[in-house]
Amino acid sequence: MTQTSEGVNGLTSVPALLQRNAAEFGDKAAYREKELGIWQNWTWSEAADEIDALALGLLTLGVAEGDFIAIIGRNRPYLYWAMVAVQSVGAVPVPLYSDASADEMAYVLDHCGARFVIAADQEQVDKVTDVQGGLSQFEQMIYLDPRGLRKYDHANLHQFSKVQDAGRAALSELMPELNRRREALNYDSTCVMLYTSGTTGKPKGVVLSNRNIIETSRHSSEFDSLSAGEDILAYLPMAWVGDFIFSLGQAYWTGFCVNCPESVDTMMTDLREIGPTYYFAPPRVFETQLTTVMIRMEDASPMKKRMFDYFMAHAKKVGPAILDGETVSGLDKLKYKLGDLLVYGPLKNTLGFSRVRIGYTAGEAIGPEIFDFYRSLGINLKQLYGQTEASVFITQQPDGQVRSDTVGVPSPGVELKIAENGEVFYRSEGTFVEYYKNAESTADTKDPEGWVATGDAGFIEEGTGHLRIIDRAKDVANMSDGALFAPKYVENKLKFYPNILEAVVFGAGKDRCTAFINIDLTAVGNWAERNNIAYASYQELAGHPRVLETIQEHVETVNKSVAEDPMLSGCQIHRFLVLHKQLDADDGELTRTQKVRRKIIGEKFEDLVNALYNGSPEIYTETEVTYEDGRKGEISATLEIRDAAVVPVTASKIAAE
Amino acid sequence: MMLDSTDSYVTEDGRTIGGVVMEMKNITLRFGGVVAIKDISFDIREGEIRAIIGPNGAGKSSMLNVISGFYVPQDGEVLFHGKPRPHMKPYEVAQQGIARTFQNIALFEGMTVLDNVMTGRLNKMNSGLLAQAIWRGKAEQEEIENREKAEKIIDFLEIQHIRKTPVARLPYGLKKRVELARALVSEPSILLLDEPMAGMNVEEKEDMSRFILDVNDEFGTTIALIEHDMGVVMDLSDRVVVMDYGKKIGDGTPSDIRNNQAVIDAYLGVAHD
Chain L
61 MTQTSEGVNG LTSVPALLQR NAAEFGDKAA YREKELGIWQ NWTWSEAADE IDALALGLLT
121 LGVAEGDFIA IIGRNRPYLY WAMVAVQSVG AVPVPLYSDA SADEMAYVLD HCGARFVIAA
181 DQEQVDKVTD VQGGLSQFEQ MIYLDPRGLR KYDHANLHQF SKVQDAGRAA LSELMPELNR
241 RREALNYDST CVMLYTSGTT GKPKGVVLSN RNIIETSRHS SEFDSLSAGE DILAYLPMAW
301 VGDFIFSLGQ AYWTGFCVNC PESVDTMMTD LREIGPTYYF APPRVFETQL TTVMIRMEDA
361 SPMKKRMFDY FMAHAKKVGP AILDGETVSG LDKLKYKLGD LLVYGPLKNT LGFSRVRIGY
421 TAGEAIGPEI FDFYRSLGIN LKQLYGQTEA SVFITQQPDG QVRSDTVGVP SPGVELKIAE
481 NGEVFYRSEG TFVEYYKNAE STADTKDPEG WVATGDAGFI EEGTGHLRII DRAKDVANMS
541 DGALFAPKYV ENKLKFYPNI LEAVVFGAGK DRCTAFINID LTAVGNWAER NNIAYASYQE
601 LAGHPRVLET IQEHVETVNK SVAEDPMLSG CQIHRFLVLH KQLDADDGEL TRTQKVRRKI
661 IGEKFEDLVN ALYNGSPEIY TETEVTYEDG RKGEISATLE IRDAAVVPVT ASKIAAE
Chain R
48 MMLDSTDSYV TEDGRTIGGV VMEMKNITLR FGGVVAIKDI SFDIREGEIR AIIGPNGAGK
108 SSMLNVISGF YVPQDGEVLF HGKPRPHMKP YEVAQQGIAR TFQNIALFEG MTVLDNVMTG
168 RLNKMNSGLL AQAIWRGKAE QEEIENREKA EKIIDFLEIQ HIRKTPVARL PYGLKKRVEL
228 ARALVSEPSI LLLDEPMAGM NVEEKEDMSR FILDVNDEFG TTIALIEHDM GVVMDLSDRV
288 VVMDYGKKIG DGTPSDIRNN QAVIDAYLGV AHD
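Quick mapping for you: the protein sequence lines, in order, are chains L and R. Remember, the numbering used here sits 60 above the position in the first sequence when you count from 1. Remember, the numbering used here sits 47 above the position in the second sequence when you count from 1.
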């Protein structure tokens, strides 16, 4: 591992990178945001001015070095500037999930002791105002969009642009102090604090230093030879480490342009308009896009449909090979070119992927069909494996070695080892400093030598050196007969069906496996429409006998495929039910990053789990739901429980290693 | 609270309500033998949200049409800024700064949302036919200005994602919002809303309520609205007129109305003699 303790060319902080970019790429676009129907543009030197003005403004408000400043809102250039301005004055930015409830925010704001909050709009201001009584260290709030806030008490409330104005007015007076603070930043000062989404328990504050962020950004940018010419679309939550690395770390390291959508709902249109060259999305986004394409093709004219089917079949055959630079016969190549002209090109254009040079997906396993679909179109979609504690990158797939069942080789500068129980450990310069105010958890996760436990069980494939992840280490358990139980493995297989949005498999310590299924309303709703099946609500559709039949077919096919793996054949699903409500982060069933919280679901729907095991054919249940505004309501339903056919397993032969 | 027509006061939530901008004096409206409105008087003050409520067939929409100048009452007069208002053509009403939405949405279904909203600016275009046809000079400048105004309203009502979508493809709740956008883009001083929340679900109603409050707050627009949903009306409005069978049976703040026996009877139903 190369040690660059002092950074490259003394660039040891994000504000230092900003100054370099302003000097080197001064006239090049740094940020774009669509507003009033037009893409507004800021160059690096304009961005640097805006950030300086805000930083000076923060000084006028009395921000001290080491203060924590929470930043809440959707991706907007102003909020990215806020992060860098906060860093410039020696304080620590703490981005929060903008869809978090007031209570969730209260926990984080209290835990980090934020003195200041920078909020996007009235909604966020209201949430913080609601809970500020319980926050002893909270002092002042800055807001971006003044709409609806005019009549609020402005004693501790400031408009973003006014803070900047105040900063500009105090330029000559405070610039020396700003410069002093900026120069005091080094590789070990804290760059950002990000709260983990918390699949278990309360969120933890992950402290990442400038070294973590800059080294990781440098390595990963070199790995994919990212340049200042890239365009990315910043649409994933700002509180998520991935967005911080892509939209801030790598953007500042290489000087590429960050494009912000107009609103959450316009993301797909904006994606098409920008045509990013470097793109990241969780599997769910790719799944949704593919589902949309397939649904629209169902409604296309027969001629178009045949053309689509014909060329997609050809793409499936030779597309990935062409992408990997393997030799393909001249005729196939020609046919692919024709397909590109008629089908792939227009399709990529519709999806906004015309210019994508590198695409990444991570966070969850992606279905092989979905993965291959994009790759066969010529989109260089790759997988990476990472986590907040690693500043994202642990492993990633190099060009030409892309497969759907591995997560790639260790990223540059990352060391990997597998513990005896199968848990994956890593060590790198991106490895986090600590969990804030939680020495115990820090010690549990990171040993004195710097090895960090990922919590995932996996193995390194012989020959290729690629890492394969089986499941969360703590979710891997044994069934009552000792057979291995890896729920995620089965859930992923189920989720590869467009009809199934989410699945939760139970079976630890039991004699057989059972499952909850969530249908995908878009896919199943469209299917219902085409088959003249009337339904009034999600609940009614989810309970429709024909939907249950379809899901049962899926479950049984998955059982067959699970049975083929001798190690995991015990994980076949014997009984299942289709849930009457969609699992939701507002109800605590998913994390804000849309990951299943297994334990909480098991407790909340205990009656349903019991019914899965006691043989009852149906169960009546009442469930509390939380609406978006925080009010609670109750829904009730009678759910049918179905038995699924399983492939008999003769003897479990688990090889001891 | 007794106020003169020129007095102004500040509401609990800090908005300034000015003097009377429009006054209905002893309005009676007949369609042949049917008396739709019987001798009704009330006023609308600058900056307030004024609701007209009543059961089905009470004459609410007729009243709104009188306010907008579409119907001319047989008796009584409408005073606008203290002066009697002559009979006007719809575009003249619009030029006075009065805009409205309709109970049954009246948009151009085949046009996009943006184009529909832009039609709300037609009144403000002064360039000649030729200039518009060749799109030079003043016409171009005007189009840019109008587009900016339209985009600001699109942003305000959060309909950016359907900017280029033909209206016919939109669900009902969004169409209502587009109609509001078209009314707002003409920068009206008085906005008339005919059942803005009819047929909406709870979430859509909440959104619409918030937009109505924001419009009033942000642009200082005087709003007169007709609404069925008592809960919404009570939350939104500063003052409420209650009609039943063409007559005014109550007029006052939401709390006055809540305690008004005639209103309770009209809504809960009593035998009519």
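Derived by calculation from the structure, the hints in this document are not laboratory data. Be aware that a few hints might be false.
As the list claims (entries may be wrong) - Straight-line alpha carbon distances no greater than 30 Å define the calculated DSS-like cross-link-like pairs of lysine-lysine that follow: (1) K252/R - K211/L; (2) K199/R - K88/L; (3) K222/L - K252/R; (4) K196/R - K211/L; (5) K364/L - K211/R; (6) K94/L - K199/R; (7) K692/L - K252/R; (8) K94/L - K222/L; (9) K94/L - K136/R; (10) K94/L - K171/R; (11) K222/L - K199/R; (12) K408/L - K211/R.
These are the hints, each one checked on the structure:
For the given pair, K252/R sits about 23 Å from K211/L by alpha-carbon distance, which is consistent with the 30 Å threshold. A distance of roughly 28 Å separates the Cα atoms of K199/R and K88/L; the hinted pair therefore holds under the 30 Å criterion. Under the criterion of a C-alpha separation no larger than 30 Å, the hint pairing K222/L with K252/R is inconsistent with the structure, at around 34 Å. Of the pairs offered as hints, the one joining K196/R and K211/L holds, with about 24 Å between alpha carbons and a cut-off of 30 Å not exceeded.
Of the pairs offered as hints, the one joining K364/L and K211/R holds, with about 25 Å between alpha carbons and a cut-off of 30 Å not exceeded. Distance check on the hinted pair: K94/L and K199/R sit about 13 Å apart at the alpha-carbon level, within 30 Å; holds. Of the supplied pair hints, the one linking K692/L and K252/R holds, its CA atoms being roughly 18 Å apart against a limit of 30 Å. In summary, the hint linking K94/L to K222/L is supported, as the alpha carbons are separated by about 22 Å, within the 30 Å threshold.
Simply put, K94/L and K136/R have alpha-carbon atoms about 40 Å apart, too far for the 30 Å limit, and the pair is violated. Between K94/L and K171/R, the direct Cα distance comes to roughly 26 Å. Compliance with the 30 Å bound is thereby established for this hinted pair. Using a Cα cut-off of 30 Å, the hinted pair K222/L and K199/R holds, with the two alpha carbons roughly 21 Å apart. At most 30 Å may separate the alpha-carbon atoms for a hinted pair to count; K408/L and K211/R meet this at roughly 21 Å.
In summary, the structure is inconsistent with hints 3 and 9 from the numbered list given earlier, while agreeing with the others.
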